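Chain residues, written in single-letter form:
There are 4 protein chains.
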Amino acid sequence: MAIVDITVIPVGTATPSVSDYVAEIHTFLKAYNGDIKFQLTPMSTLIEGDIKELLEVVREIHELPFQKGIQRVCTNIRIDDRRDKENTMERKLQAVQDKL
Amino acid sequence: MAIVDITVIPVGTATPSVSDYVAEIHTFLKAYNGDIKFQLTPMSTLIEGDIKELLEVVREIHELPFQKGIQRVCTNIRIDDRRDKENTMERKLQAVQDKL
Amino acid sequence: MAIVDITVIPVGTATPSVSDYVAEIHTFLKAYNGDIKFQLTPMSTLIEGDIKELLEVVREIHELPFQKGIQRVCTNIRIDDRRDKENTMERKLQAVQDKL
Amino acid sequence: MAIVDITVIPVGTATPSVSDYVAEIHTFLKAYNGDIKFQLTPMSTLIEGDIKELLEVVREIHELPFQKGIQRVCTNIRIDDRRDKENTMERKLQAVQDKL
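Residue numbers (full-length UniProt numbering), protein chains in the order written: chain W, 1 to 100; chain H, 1 to 100; chain D, 1 to 100; chain U, 1 to 100.
Same shape as in the complex, but just chain W:
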């Protein structure tokens, strides 16, 4: 199980606002028919699943601003992939909260 933390920045937008593009990503994720979990944070979107499927989802998400006429996209991705333990978003939060 891996977790991806992704931000997609459209470059060359008329205004500083990008919430339309982030909303588009979450509309896509809600309609996505696969084995993932996802969460919106103030700074990015977190997606949990199998690494192969996650990178497929990343590719589709990265394309979304181009479909709205944007000519340049800067996407930033963190991957946390752990194979000795079940690495879910819930378990990672719990592991830290248990130590506070």
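Any given hint might turn out to be false.
[To be verified] Okay, derived cross-link-like pairs now, EDC-like style, lysine to aspartate or glutamate, Cα gap no bigger than 16 Å in a straight line: (1) W:Lys52 / D:Glu53; (2) D:Lys99 / U:Asp20; (3) D:Lys52 / W:Glu56; (4) U:Lys52 / H:Glu60; (5) H:Lys52 / U:Glu53; (6) W:Lys52 / D:Asp20.
[Unchecked claim] Just so you have them, the derived chain W footprint on chain U, three or more residues with Cβ under 8 Å: (7) 15 to 23; (8) 72 to 81.
Worth flagging that the hints you see were computed from the coordinates, not collected in a lab.
Since this is a predicted model, take the numbers as computed values, not measurements.
Virtual Cβ for every residue (Gly too), placed ideally from N, Cα, C.
Given the structure of chain W, go ahead and fit chains H, D and U onto it with the hints provided.
Relative to chain W, chains H, D and U alone:
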């Protein structure tokens, strides 16, 4: 108002677990006496405040694993700094949720 | 044409050194039979090509430390994907150097 | 000795081009009077020096697009900070090239 999204990865730990180091960051942030808000996510820590103060906090957080004997730290930071509007974590989430 | 900027951090290594893992990535890239260009920098590996092929290469690179017994990998990826112009590593450098 | 790898993305530019802003960073760095080394890559700017000085330089670089009228800046920073060995850009490249 700016928001920082930070991960601090200690390199050369005996095991794959880093939750001790993340808990240390949040113990520091809880005791921190300044004008910031912070939030733990499954993939990073989000901190909201004035950019100058945020970079000071980043420097102190980056040092924490060294104080526990780690010899190498890879820190990853996203900054979202918006000057035309009040750019809080709450407002950013709301801006997207209003469009879903 | 897109460019990926990737760092692959093995978590849980005995020592702070990761150059073995970076060398492994470049051995893979040298043997890779596809339409990409790549470059080693002091902080990451840059790879130029079609976005679909790049994300395939990312997946394979991300797997390499697991094949050497590592149990956790934190991979960080920047993608710069521009569709209005030919976005090569060479052209991007030139565009900046022409303005200095 | 630490190394910072920084990209500064202005959000809300009229066109997809950002080379003016990158050139501005390198004009700043050339005129900067301090103990750092820096290098332009096709995807970012690498800066080597003491971590405290580096974060000061990061703060100044992050401000530059605002001085040109941009209202939102997304800055992405990787820090590699190693304390058991002299961690220069040159030494890191050599450590990998020796293993190829």
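Against the structure, the hints come out as follows:
no. : hint              : verdict
1   : W:Lys52 / D:Glu53 : holds, 14 Å
2   : D:Lys99 / U:Asp20 : holds, 7 Å
3   : D:Lys52 / W:Glu56 : holds, 9 Å
4   : U:Lys52 / H:Glu60 : holds, 10 Å
5   : H:Lys52 / U:Glu53 : holds, 14 Å
6   : W:Lys52 / D:Asp20 : violated, 25 Å
7   : 15 to 23          : holds (count 4)
8   : 72 to 81          : holds (count 3)
Checked against the numbered hints given earlier, this structure breaks only hint 6.
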